[in-house]
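Student: Take these sequences, add in the hints, and give me the full structure.
In the order they appear, the protein sequences are chains A and B.
Be aware that the first sequence starts at 1, since it is given in UniProt numbering, and climbs by one per residue.
Be aware that the second sequence starts at 1, since it is given in UniProt numbering, and climbs by one per residue.
Don't read these hints as lab results, they were simulated from the structure.
Remember, it's a predicted structure, so these values are computed and weren't measured experimentally.
Please note that the accuracy of each hint is not assured.
To be verified - Under 7 Å between C-beta atoms, here's a sample of chain B residues computed to sit facing chain A:
| id | residue |
| --- | --- |
| 1 | Gln48 |
| 2 | Phe61 |
| 3 | Arg126 |
| 4 | Ala127 |
| 5 | Lys191 |
Unchecked claim - Simulated crosslink set (DSSO-like; lysine-lysine; CA at most 27 Å straight-line):
| id | chain 1 | residue 1 | chain 2 | residue 2 |
| --- | --- | --- | --- | --- |
| 6 | A | Lys2 | A | Lys45 |
| 7 | A | Lys54 | B | Lys20 |
| 8 | A | Lys45 | B | Lys182 |
| 9 | A | Lys2 | B | Lys190 |
| 10 | A | Lys69 | B | Lys189 |
| 11 | B | Lys190 | B | Lys124 |
| 12 | B | Lys178 | A | Lys24 |
| 13 | A | Lys2 | A | Lys44 |
| 14 | A | Lys45 | B | Lys66 |
| 15 | B | Lys87 | A | Lys2 |
| 16 | B | Lys189 | A | Lys45 |
| 17 | B | Lys178 | A | Lys4 |
| 18 | A | Lys44 | A | Lys54 |
| 19 | B | Lys124 | A | Lys45 |
| 20 | B | Lys124 | B | Lys149 |
| 21 | A | Lys44 | A | Lys4 |
| 22 | B | Lys20 | A | Lys45 |
| 23 | A | Lys67 | B | Lys27 |
| 24 | B | Lys178 | A | Lys2 |
| 25 | B | Lys11 | A | Lys54 |
| 26 | A | Lys24 | A | Lys44 |
| 27 | A | Lys69 | B | Lys66 |
| 28 | A | Lys45 | A | Lys24 |
What the hints assert, rightly or not - FRET-style restraints, in silico, Cβ to Cβ:
| id | chain 1 | residue 1 | chain 2 | residue 2 | range |
| --- | --- | --- | --- | --- | --- |
| 29 | A | Glu35 | B | Ser168 | 31 to 39 Å |
| 30 | B | Gln60 | A | Pro34 | 53 to 61 Å |
| 31 | B | Asn135 | A | Pro21 | 43 to 51 Å |
A virtual CB, placed ideally from N, CA and C, is assigned to each residue, including glycine.
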Amino acid sequence: MKCKAVHSKLIFFLERELPEPEMKAVQEHLAACPECALFAEEMKKTLSILETEKVSEVNPYFYTRVKAKLDRQSEIQPSGIRSSVLARVLQPVAFSIILILGIYGGVKMGATGAKTASTFTAEQEMVPYLNDMDVEPLETFLME
Amino acid sequence: MSDQEIIEQLKQGSEAAFRKLVEGHQKLVVNTCFGLVHNREDAEDIAQDVFIEVYRSIQQFRADSKLSTWLYRISVNRSLNHIRDNKKHKWFQSFEKDVEARNRQILQVESSPTDHPGFEMENKQRAAILQEAINSLPENQKVAFSLNKYEDLSYQEISEVMEMSVSSVESLLFRAKKNLQKKLYKCYKKKCM
Ligand SMILES: [Zn+2]
Numbered sequence: 001m002k003c004k005a006v007h008s009k010l011i012f013f014l015e016r017e018l019p020e021p022e023m024k025a026v027q028e029h030l031a032a033c034p035e036c037a038l039f040a041e042e043m044k045k046t047l048s049i050l051e052t053e054k055v056s057e058v059n060p061y062f063y064t065r066v067k068a069k070l071d072r073q074s075e076i077q078p079s080g081i082r083s084s085v086l087a088r089v090l091q092p093v094a095f096s097i098i099l100i101l102g103i104y105g106g107v108k109m110g111a112t113g114a115k116t117a118s119t120f121t122a123e124q125e126m127v128p129y130l131n132d133m134d135v136e137p138l139e140t141f142l143m144e
Numbered sequence: 001m002s003d004q005e006i007i008e009q010l011k012q013g014s015e016a017a018f019r020k021l022v023e024g025h026q027k028l029v030v031n032t033c034f035g036l037v038h039n040r041e042d043a044e045d046i047a048q049d050v051f052i053e054v055y056r057s058i059q060q061f062r063a064d065s066k067l068s069t070w071l072y073r074i075s076v077n078r079s080l081n082h083i084r085d086n087k088k089h090k091w092f093q094s095f096e097k098d099v100e101a102r103n104r105q106i107l108q109v110e111s112s113p114t115d116h117p118g119f120e121m122e123n124k125q126r127a128a129i130l131q132e133a134i135n136s137l138p139e140n141q142k143v144a145f146s147l148n149k150y151e152d153l154s155y156q157e158i159s160e161v162m163e164m165s166v167s168s169v170e171s172l173l174f175r176a177k178k179n180l181q182k183k184l185y186k187c188y189k190k191k192c193m
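Tutor: Dropping the structure here:
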């Protein structure tokens, strides 16, 4: 077995998941190749960290913390619901006001733009954009 | 009290039953979250939310399913959400950069004298490399691998938690190990530590 083949099987060798003949072949290679043996040793040590990381002792305050968090959330929730209901009513209202103001402003600007077109070309170019921005949300709003 | 009885009483609003449920399964939940987020504090924080979700949605729990499977599923989902939220801030970082950053952190923290300072440091660096390697796995592979390694779940159990066939779990674990091997080899060649 070549070094490259060993590298591609090493993790399965360490996990003892290879078929018996391959286990043996890797074992023999490692015994003869210090380079691969070193890498195998490294990988073994690194993978063994998994065992040491498992939670062995439980936090004695865990339940108290869960309960406190639960109580805190239950207290906040009623007002949370109220504010979300409020938001659901207020948002469309605010949106409509902005929309109406926007359209009104757009019409106004369009009118002034037309009047002063010869003097303010830059403003004239801006006007269609402003109108677009106002009209587009209205269309999508109505389509919904 | 059996899981069945705990759930029955919890559905009737018993606080004692909730306490039993938390204390009986806290290790399972914290361990599962830790296996994915690799930070003790975050894992406990997410675990608290897992139990709160259980408390709030206990009425929807079907009597014919296993409590542990349900707990694993909520733990995995919440941990993945946590990882996704954190990723938004560092999506451009590479595996090698992560390891480097972690190593620098370890070197800074390592100032308290212990019996085996060299040994401790080496282990911390190894842990950092391993964590970053696991973190870099695709989500499904990461979940299957950590359930298998941190909770010692069998392929059958993982397949129930992840709602997929046993052969899919096998293939996920195979690919996860292949990828880890690749990362660890890269690290070894570059003398990461
Ligand atoms: Zn070799």
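Student: Confirm or reject each hint.
Tutor: Structure-based check of each hint:
1. Because the smallest distance between the Cβ of glutamine 48 of chain B and any Cβ of chain A comes to about 5 Å, under 7 Å, the interface hint for this residue holds.
2. Taking 7 Å as the C-beta cut-off, the interface hint given for phenylalanine 61 of chain B is violated, the closest approach to chain A being about 17 Å.
3. Evaluation of the arginine 126 of chain B hint against chain A yields a held restraint, the C-beta minimum of about 5 Å falling below 7 Å.
4. About 5 Å separates the beta-carbon of alanine 127 of chain B from the nearest beta-carbon of chain A, less than 7 Å, and the hint is met.
5. Because the beta carbon of lysine 191 of chain B sits about 11 Å from the nearest beta carbon in chain A, more than 7 Å, this interface hint is broken.
6. Note on lysine 2 of chain A and lysine 45 of chain A: the hinted pairing holds, with a Cα-Cα distance of about 23 Å set against a maximum of 27 Å.
7. Note on lysine 54 of chain A and lysine 20 of chain B: the hinted pairing holds, with a Cα-Cα distance of about 22 Å set against a maximum of 27 Å.
8. A C-alpha spacing of about 16 Å is found between lysine 45 of chain A and lysine 182 of chain B, which places the hinted pair at or below 27 Å, so the restraint holds.
9. Restraint check for lysine 2 of chain A and lysine 190 of chain B: the C-alpha separation of about 21 Å stays at or below 27 Å, so the hint holds.
10. Proximity of lysine 69 of chain A to lysine 189 of chain B is assessed by CA-CA distance (about 47 Å); at most 27 Å being required, the pair is judged violated.
11. Among the hinted pairs, lysine 190 of chain B with lysine 124 of chain B is consistent with the structure: their alpha-carbon atoms are about 18 Å apart, no more than 27 Å.
12. Under the criterion of a C-alpha separation no larger than 27 Å, the hint pairing lysine 178 of chain B with lysine 24 of chain A is consistent with the structure, at around 20 Å.
13. Simply put, lysine 2 of chain A and lysine 44 of chain A have alpha-carbon atoms about 20 Å apart, close enough for the 27 Å limit, and the pair holds.
14. Annotation: proposed proximity of lysine 45 of chain A to lysine 66 of chain B is violated, straight-line Cα distance about 35 Å (limit 27 Å).
15. For the hint pairing lysine 87 of chain B with lysine 2 of chain A, the CA-to-CA distance comes to about 39 Å; that exceeds 27 Å, so the pair is violated.
16. Simply put, lysine 189 of chain B and lysine 45 of chain A have alpha-carbon atoms about 16 Å apart, close enough for the 27 Å limit, and the pair holds.
17. Using a Cα cut-off of 27 Å, the hinted pair lysine 178 of chain B and lysine 4 of chain A holds, with the two alpha carbons roughly 13 Å apart.
18. For the hint linking lysine 44 of chain A to lysine 54 of chain A, the alpha-carbon distance of about 17 Å falls within 27 Å, and the restraint holds.
19. Between lysine 124 of chain B and lysine 45 of chain A the CA atoms are separated by roughly 12 Å; this keeps the pair inside 27 Å, and the hint holds.
20. Simply put, lysine 124 of chain B and lysine 149 of chain B have alpha-carbon atoms about 18 Å apart, close enough for the 27 Å limit, and the pair holds.
21. Our distance criterion of 27 Å between C-alpha atoms is met by lysine 44 of chain A and lysine 4 of chain A, whose separation comes to about 18 Å.
22. Restraint check: the Cα-Cα separation between lysine 20 of chain B and lysine 45 of chain A comes to about 38 Å, which exceeds 27 Å; the hinted pair is violated.
23. Annotation: proposed proximity of lysine 67 of chain A to lysine 27 of chain B holds, straight-line Cα distance about 17 Å (limit 27 Å).
24. With a C-alpha separation of about 18 Å, the suggested pairing of lysine 178 of chain B with lysine 2 of chain A holds against the 27 Å cut-off.
25. In summary, the hint linking lysine 11 of chain B to lysine 54 of chain A is not supported, as the alpha carbons are separated by about 31 Å, beyond the 27 Å threshold.
26. Proposed proximity of lysine 24 of chain A and lysine 44 of chain A is supported: the alpha carbons are some 17 Å apart, at most 27 Å.
27. Simply put, lysine 69 of chain A and lysine 66 of chain B have alpha-carbon atoms about 26 Å apart, close enough for the 27 Å limit, and the pair holds.
28. For the hint linking lysine 45 of chain A to lysine 24 of chain A, the alpha-carbon distance of about 21 Å falls within 27 Å, and the restraint holds.
29. Under the hint 31 to 39 Å, the C-beta atoms of glutamate 35 of chain A and serine 168 of chain B, about 36 Å apart, fit the expected range.
30. Taken as a hint, the range 53 to 61 Å holds for the pair glutamine 60 of chain B and proline 34 of chain A, whose Cβ atoms sit roughly 59 Å apart.
31. The hinted range of 43 to 51 Å is not satisfied by asparagine 135 of chain B and proline 21 of chain A, whose Cβ atoms lie roughly 35 Å apart.
Taken one by one, the earlier hints fail for this structure at numbers 2, 5, 10, 14, 15, 22, 25, 31, listed in ascending order.
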